[in-house]
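Visitor: Listed below, chain by chain, are the residues.
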Amino acid sequence: MTKEVCSNIGLWLLFTLLLSNYVADLEASHHVYNRLTQRSNTKSPSVNQPYRTGYHFQPPKNWMNDPNGPMIYKGIYHLFYQWNPKGAVWGNIVWAHSTSTDLINWDPHPPAIFPSEPFDINGCWSGSVTILPDGKPVILYTGIDPKNQQVQNIAEPKDLSDPYLVEWKKSPLNPLMAPDAVNGINASSFRDPTTAWLGHDKKWRVIIGSKIHRRGLAITYTSKDFLKWEKSPEPLHYDDGSGMWECPDFFPVTRFGSKGVETSSFGEPNEVLKHVLKISLDDTKHDYYTVGTYDRVGDKFVPDKGFKMDGTAPRYDYGKYYASKTFYDSAKNRRVLWGWTNESSSVEDDVEKGWSGIQTIPRKIWLDRSGKQLIQWPVREVERLRTKQVNLRNKVLNSRSRLEVYGVTAAQADVEVLFKVRNLEKADVMKASWTDPQLMCSQMNVSVKSGLGPFGLMVLASKNLEEYTSVYFRIFKAHQNSNKYVVLMCSDQSRSSLEEDNDKTTYGAFVDINPHQPLSLRALIDHSVVESFGGKGRACITSRVYPKLAIGKNSHLFAFNYGSQTVDVLSLSAWSMKSAQIS
Amino acid sequence: MKKVMMVVMMVMVMVSEASMIEQTCKETPDFNLCVSLLDSDPRGSSADTSGLALILIDKIKGLATKTLKEINGLYKKRPELRRALDECSRRYKTILNADVPEATEAISKGVPKFGEDGVIDAGVEAAVCEGEFKGKSPLTSLTKSMQKITNVTRAIVRMLL
Chain A
1 MTKEVCSNIG
11 LWLLFTLLLS
21 NYVADLEASH
31 HVYNRLTQRS
41 NTKSPSVNQP
51 YRTGYHFQPP
61 KNWMNDPNGP
71 MIYKGIYHLF
81 YQWNPKGAVW
91 GNIVWAHSTS
101 TDLINWDPHP
111 PAIFPSEPFD
121 INGCWSGSVT
131 ILPDGKPVIL
141 YTGIDPKNQQ
151 VQNIAEPKDL
161 SDPYLVEWKK
171 SPLNPLMAPD
181 AVNGINASSF
191 RDPTTAWLGH
201 DKKWRVIIGS
211 KIHRRGLAIT
221 YTSKDFLKWE
231 KSPEPLHYDD
241 GSGMWECPDF
251 FPVTRFGSKG
261 VETSSFGEPN
271 EVLKHVLKIS
281 LDDTKHDYYT
291 VGTYDRVGDK
301 FVPDKGFKMD
311 GTAPRYDYGK
321 YYASKTFYDS
331 AKNRRVLWGW
341 TNESSSVEDD
351 VEKGWSGIQT
361 IPRKIWLDRS
371 GKQLIQWPVR
381 EVERLRTKQV
391 NLRNKVLNSR
401 SRLEVYGVTA
411 AQADVEVLFK
421 VRNLEKADVM
431 KASWTDPQLM
441 CSQMNVSVKS
451 GLGPFGLMVL
461 ASKNLEEYTS
471 VYFRIFKAHQ
481 NSNKYVVLMC
491 SDQSRSSLEE
501 DNDKTTYGAF
511 VDINPHQPLS
521 LRALIDHSVV
531 ESFGGKGRAC
541 ITSRVYPKLA
551 IGKNSHLFAF
561 NYGSQTVDVL
571 SLSAWSMKSA
581 QIS
Chain B
1 MKKVMMVVMM
11 VMVMVSEASM
21 IEQTCKETPD
31 FNLCVSLLDS
41 DPRGSSADTS
51 GLALILIDKI
61 KGLATKTLKE
71 INGLYKKRPE
81 LRRALDECSR
91 RYKTILNADV
101 PEATEAISKG
111 VPKFGEDGVI
121 DAGVEAAVCE
131 GEFKGKSPLT
141 SLTKSMQKIT
151 NVTRAIVRML
161 L
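Chains as they are written, first to last, in our numbering: chain A, 1 to 583; chain B, 1 to 161.
Next comes chain A alone, as it looks inside the complex (with noise of 0.2 Å):
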């Protein structure tokens, strides 16, 4: 009698849980699919996704790009997205919204932000996070007006006790920043405001990507209240010749150590900061830093020798990466980096399948001890997926030789690798035209012989290699009579699949490490995604694959050498991965 009633309550309860739980979603999407008027046309995402990500952040379905405002709050991280709800191709941009206790896992919220007044009606695109002094985040972003003219908002949670942050508002005092007669800012170009910084004088700054003509600039704006904002006669930094900043991320780094900087701060007592520029190029579809030192009293940024902010300077990922923004995550003392990486496939197959666009798994970024470039490397938390590892050690690698690696799910998979070289004085000889690592990649494949390489690793390969994507080093000597060394990385895509209508590119990268000590190599591996990351994060090249055979269980991993000289695996340690919640 008692085991009758406890499980008919029990029933009930979870009729209740249920039931209101279906209800609070028709709320949520009541709010976003009021404002929006044109119909969907995305289908569901079908049965079938053999590239939908295990470890990767994704949404559900439709279209992703810019990561926004990423930061951390009472302890849980946020992730916002622009998002499209309408289909696989970007439009009809919103603010998408996830929450995190570890930049692994992530529980999906409805939209935060999405059109709802004339300062945004026409799209809520990208922007940053802020904390305030009395740690209260607020929003800048951009929005577009009833004239089509990119403006600048701020929104703050409308509840700050709740810690997701579910719900923001919009301050009546919108738009903060505009283009207008008197400043004769370009109105459709001025966009991706970055998170505020304060200075001597209490007064915040924040830079909003723009261009004149073909002059790329970070316009300044400062503020005593956070809302009323003047724009400063002379931007933060600007190039001629470059084309619109996107996306620009500016944030002090620490000379020395891998831990990272508060954007406002000035630095420990006795230590010496760095400032970094990040620009994205329209232009050229990349993302770029430099590294230099700030001005404080002029508001300047001064680039250090031998770095211009162009398409010159050091890229973060020779891949398809973009859009990238950093925070400071004050909990673990370090800087993180997320980037946007789109699909490689034609848009066809991304409405196909429903979706389109990832990101990369979350990057702790610090000044290498040289100082001059930025060290990445994938947030320790997503050592936690890795289960079953497979060891091999201390083997030979002959010219023209594989190696299975057996034991790991090889579609989803983390694998770090340390070779060693022996003959270097067989390395050949880097010619004089040899400057662009990229063209060296695409026209030198793998079955080109150099001394010393190509040996790394096929990965999402099909058992007889008809599919394969490799990633891969060559040792070149710089000159003739040289002890110097020029080491290449490659990610090579042009056999990756079956499918013609792919973009294959090969992607390229000097690293800059002595090949007289070992060369490491760790690749994430995810279904249709490739990140790899050479001698420790010195190099990183993301890349997407729609392999036909190499699906799944029917993916293998083989470390390669098909250089002439041989080469030692020292290690070689894969991990199979475990899924991740990422909706």
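None of these hints come from the bench; they were simulated from the model.
Cβ coordinates follow ideal geometry from the N, Cα and C atoms, glycine included.
Accuracy of the hints is not assured; some may be wrong.
[Claimed, not checked] Result set (EDC-like, lysine to aspartate or glutamate): computed pairs, CA atoms no more than 20 Å apart in a straight line:
{"no.": "1", "chain 1": "B", "residue 1": "Lys59", "chain 2": "B", "residue 2": "Glu22"}
{"no.": "2", "chain 1": "B", "residue 1": "Lys136", "chain 2": "A", "residue 2": "Asp501"}
{"no.": "3", "chain 1": "B", "residue 1": "Lys144", "chain 2": "A", "residue 2": "Asp501"}
{"no.": "4", "chain 1": "B", "residue 1": "Lys134", "chain 2": "A", "residue 2": "Asp501"}
{"no.": "5", "chain 1": "B", "residue 1": "Lys59", "chain 2": "B", "residue 2": "Asp86"}
{"no.": "6", "chain 1": "A", "residue 1": "Lys300", "chain 2": "A", "residue 2": "Asp240"}
{"no.": "7", "chain 1": "A", "residue 1": "Lys147", "chain 2": "B", "residue 2": "Asp48"}
{"no.": "8", "chain 1": "A", "residue 1": "Lys274", "chain 2": "A", "residue 2": "Asp368"}
{"no.": "9", "chain 1": "B", "residue 1": "Lys148", "chain 2": "A", "residue 2": "Asp501"}
{"no.": "10", "chain 1": "B", "residue 1": "Lys136", "chain 2": "A", "residue 2": "Glu500"}
{"no.": "11", "chain 1": "B", "residue 1": "Lys144", "chain 2": "A", "residue 2": "Glu500"}
{"no.": "12", "chain 1": "B", "residue 1": "Lys134", "chain 2": "A", "residue 2": "Glu500"}
{"no.": "13", "chain 1": "A", "residue 1": "Lys548", "chain 2": "B", "residue 2": "Glu87"}
{"no.": "14", "chain 1": "A", "residue 1": "Lys305", "chain 2": "A", "residue 2": "Asp368"}
{"no.": "15", "chain 1": "A", "residue 1": "Lys228", "chain 2": "A", "residue 2": "Glu156"}
{"no.": "16", "chain 1": "A", "residue 1": "Lys224", "chain 2": "A", "residue 2": "Glu234"}
{"no.": "17", "chain 1": "B", "residue 1": "Lys93", "chain 2": "A", "residue 2": "Asp349"}
{"no.": "18", "chain 1": "A", "residue 1": "Lys548", "chain 2": "B", "residue 2": "Glu132"}
{"no.": "19", "chain 1": "B", "residue 1": "Lys134", "chain 2": "A", "residue 2": "Glu499"}
{"no.": "20", "chain 1": "B", "residue 1": "Lys76", "chain 2": "B", "residue 2": "Asp86"}
{"no.": "21", "chain 1": "B", "residue 1": "Lys93", "chain 2": "A", "residue 2": "Asp501"}
{"no.": "22", "chain 1": "B", "residue 1": "Lys93", "chain 2": "A", "residue 2": "Glu352"}
{"no.": "23", "chain 1": "A", "residue 1": "Lys308", "chain 2": "A", "residue 2": "Asp368"}
[Claimed, not checked] Calculated Cβ distances over 10 Å to all of chain B for the following chain A residues:
{"no.": "24", "residue": "Gly87"}
{"no.": "25", "residue": "Ser100"}
{"no.": "26", "residue": "Trp204"}
{"no.": "27", "residue": "Lys224"}
{"no.": "28", "residue": "Lys305"}
{"no.": "29", "residue": "Asp329"}
{"no.": "30", "residue": "Arg380"}
{"no.": "31", "residue": "Val390"}
{"no.": "32", "residue": "Gln581"}
Given chain A, work out where chain B should sit, using these hints.
Guide: Only chain B this time, still in chain A's reference frame:
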């Protein structure tokens, strides 16, 4: 005298407006095609670069619509090509339902890179369709037109980046 001045001004304005189209088209891979497409459109003479790009995206839309009609007609005439026609139908619908709206919104709102993406993809979809016929395509002339128009359009969109 005032009337003469007005006529002179009008002629100067007309000449310089034609130059805008010509100047823009000079920087594209197909000057003649570019000029003929833009001159033939009433909006062409007073459009800025964004406006010219939007006109060409309209032409892409028109050509895709025309090609889709041709594809539909071919089902009866060439039933043995059914599979290729199905693929082509999907591809051209993507141009109309995804690429064109994306490019139009992007260029109107000042984020031309998504416009470039849409235009590039229109060319890709047309090429994939053409490839389905393994060298014996009944749509080659239309495909070639699409390639030419998308190349010109892309060049103009890139001026906005």
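Visitor: Would you check the hint for Lys59 of chain B and Glu22 of chain B, treating anything up to 20 Å between C-alpha atoms as holding?
Guide: holds, 18 Å
Visitor: Was Val390 of chain A rightly flagged as not at the interface, with every chain B Cβ beyond 10 Å?
Guide: holds, 39 Å
Visitor: Run the distance test for Lys134 of chain B versus Glu500 of chain A: straight-line Cα separation, threshold 20 Å.
Guide: holds, 13 Å
Visitor: Regarding the pair Lys93 of chain B and Asp501 of chain A, is the alpha-carbon distance no greater than 20 Å?
Guide: holds, 16 Å
Visitor: Holds or violated: are the alpha carbons of Lys148 of chain B and Asp501 of chain A at most 20 Å from each other?
Guide: Measuring from Cα to Cα gives roughly 19 Å; hence the hint holds.
Visitor: For the pair supplied as a hint, Lys224 of chain A and Glu234 of chain A, is the alpha-carbon distance within the 20 Å limit?
Guide: holds, 18 Å
Visitor: Need the status of pair Lys305 of chain A, Asp368 of chain A: alpha-carbon distance at most 20 Å?
Guide: holds, 16 Å
Visitor: With d taken as the least Cβ-Cβ distance between Gly87 of chain A and chain B, does d exceed 10 Å?
Guide: violated, 7 Å
Visitor: Non-interface claim for Asp329 of chain A: all C-beta distances to chain B beyond 10 Å?
Guide: holds, 29 Å
Visitor: Does Glu352 of chain A lie within 20 Å of Lys93 of chain B when you go C-alpha to C-alpha?
Guide: holds, 12 Å
Visitor: Taking 20 Å as the top limit, are the C-alpha atoms of Lys144 of chain B and Asp501 of chain A close enough?
Guide: With Cα atoms ~17 Å apart, Lys144 of chain B and Asp501 of chain A stay inside 20 Å; holds.
Visitor: Is the Cβ of Arg380 of chain A more than 10 Å away from each Cβ in chain B?
Guide: With a cut-off of 10 Å, Arg380 of chain A remains clear of chain B, as the shortest Cβ separation is near 34 Å.
Consistency with the previously given hints fails for numbers 5 and 24, ordered from lowest to highest.
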